Amino acid sequence: MKLADLATVVRSKNAGPATLSFDLMFASEAGYVRALASPALGVVALARLYGVEPQRVRVHPYPPAHAIKIAINRKLIAGTPGDRDVYGAQQHGPLLEIEL
Amino acid sequence: MKHVERTAAAVKTNGGLGPLRVLSASGQLGYGLPAAALSQGFARRPHLVGADMGSVDPGPGYLGSGTMGPSPEGAKADLAAVLRGARALDIPMLIGSAGTGGARPHLEATAGMLRAIAHEQGLHFRLATIAADLPRETVLKAVRAGRVRPLGGMPELSETEVRQANVIVGQMGTEAFQRALAAGADVILAGRACDTAIFAALPGLIGYPMGPLMHMAKIVECASLCCVPGGRDAMLATLDGDGFVLESMNPARAATPLSVAAHSLYEQDNPFEVFEPEGCLRVDAARYEALDARRARVSGATWTPARQLTLKIEGTTRLGERCLLLCATADPRVIANLDSILPAVERNVQGMLPADLGAYSLHVRRYGIDGVLDWPTPPKAPPREVFLLLEFVAPSMAAAKTVAAMTKQYLLHHGFPGRLSTGGNLAFPLTPPEVEAGTAYRFNIYHVMDVAELPPLFPVSLEDL
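Protein chains in written order, with my numbering: chain C, 1 to 100; chain P, 1 to 465.
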């Protein structure tokens with residue numbers, strides 16, 4: 001199953017200019033548990049998906065909202081010449097395609 | 001001190017703390033306030049009104065250049081709407097991160113608007129302004145002593161970067177707003193500030209427990225964003241002894257246990273903890289309950305005072321003047337060869353530039369291919385059109401335009417194997433195709449600095465209007 005078919009929210013945004021943050025939310029606890037168990041949402045797979053070293057990636061399960069938070073240290077600080085997404089609001093595309 | 005004493009007298013009951021109402025007018029003051037919700041908020045007789053006005057989100061351009069995100073007219077109209085409501089009820093009005101960047105030029109411009117509104121509308125009040133600019137020497141000393149740490153993807157801070165910064169600010173905490181309240185301020189305009197401090201300062205002085213208080217402040221600083229559907233309308237939080245109730249001032253928005261819990265994720269690295277200058281908020285033990293269909297009660301967050309006071313510090317450095325070239329291609333052979341065409345043109349141009357032009361940088365975005373991000377896999381079929389945005393940064397605008405103009409000409413006419421369209425490789429939507437885009441900055445400081453004491457860094461200035 002694709003993440004985009006299970007999640008109710010898949011979004012990205014800066015958490016400060018040096019960190020990209022991603023929120024995955026699910027309608028039910030079952031969906032959240034299923035996504036959390038998938039290796040595709042592990043640190044190693046996410047690092048490969050975004051072309052960064054695993055040390056730059058953190059995954060925080062957030063049960064109160066059936067949500068998973070992913071944080072990735074930015075390679076280029078927001079707004080530096082050459083940056084392509086100052087707010088970081090369009091970095092979620094690769095997540096939509098992953099198979100759980 | 002009058003607002004602190006008056007509010008304390010109003011909320012203190014026999015041995016306990018009664019309801020204290022906090023109105024959040026806006027999460028980004030200056031971009032237009034939904035009037036009905038703001039008016040409804042004031043009708044609920046809040047004990048304070050606050051609004052956040054700034055952020056690092058829009059990038060380094062505003063902090064670096066001393067300019068505001070919203071238009072001056074928009075900022076002044078929003079300030080006037082909140083000020084009229086606050087003065088009519090004689091309650092404190094607290095504004096954080098003045099003028100987007102929160103440095104001295106932003107603070108001065110915003111204070112000028114408040115003075116003009118007071119004059120035009122015959123309003124009288126004590127205005128406190130709190131500057132957030134940090135002396136360079138203070139930051140240099142901290143760097144030398146190893147008391148500065150990077151955030152996220154920032155590198156370690158060097159003395160060279162501190163010297164090259166054209167502006168450095170620190171995010172003040174509740175302490176600075178509390179000093180202004182103690183000095184009798186009716187309106188507090190702060191430079192760069194923690195958004196929580198705006199809403200936590202007054203209730204903190206009265207003695208509401210810090211855990212739920214800071215949790216409330218963290219949620220309401222975004223106004224009605226914590227609701228379903230989320231929005232920009234004014235938000236009311238009512239503190240009681242050990243929790244708080246959230247209610248949007250727009251009846252179409254509901255604060256539900258799930259929507260409020262989910263808001264802790266927003267723009268945070270870790271949804272369970274928020275670090276402030278004076279301590280750390282943890283929400284892992286928080287409870288979210290529905291009071292009715294559109295009001296939620298929240299309790300249980302904890303606050304741990306910091307053993308070491310810290311400040312988030314932010315600074316920018318000027319990189320040069322920026323010029324853009326906007327163009328596109330609809331030729332499949334040009335699209336297929338872009339990987340080799342662009343570097344070849346750049347090499348040609350470099351060989352022809354005047355020797356005294358100075359160092360420049362060129363950044364190319366190829367919209368349709370990888371203009372937004374580096375995809376892990378190529379698309380199934382190549383796009384039919386590709387838009388190119390070329391960004392040139394050089395020591396002067398004249399130098400940036402020289403490189404842009406030359407690059408434009410050689411990109412248009414670059415020959416490559418298999419080329420059919422010898423009339424030109426590009427479509428230009430504008431004439432002239434080069435666009436001046438002002439001064440370029442980058443954040444060279446986004447760090448945490450240990451400090452011994454906060455008050456000397458954030459001086460309060462008072463004036464009676």
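Source of the hints: derived by calculation from the structure; they are not laboratory data.
Here the structure is a predicted model, which means the values were calculated and not measured.
Some hints could be false.
[Said to hold, decoys possible] Where chain C lies over chain P, by a calculated footprint (3+ residues, C-beta under 8 Å):
#1 48-62
#2 103-114
#3 139-152
#4 196-206
#5 366-380
#6 400-412
All C-beta atoms, glycine included, are put in the ideal place defined by N, C-alpha and C.
Hints, verified against the model:
1. 48-62: holds (count 6)
2. 103-114: violated (count 0)
3. 139-152: holds (count 3)
4. 196-206: This one is violated; 0 residues, fewer than the three required, reach chain C with a Cβ under 8 Å.
5. 366-380: Holds: 6 residues of the stretch 366-380 of chain P have a Cβ under 8 Å from chain C.
6. 400-412: With 0 residues closer than 8 Å to chain C, the stretch 400-412 of chain P misses the three-residue bar; violated.
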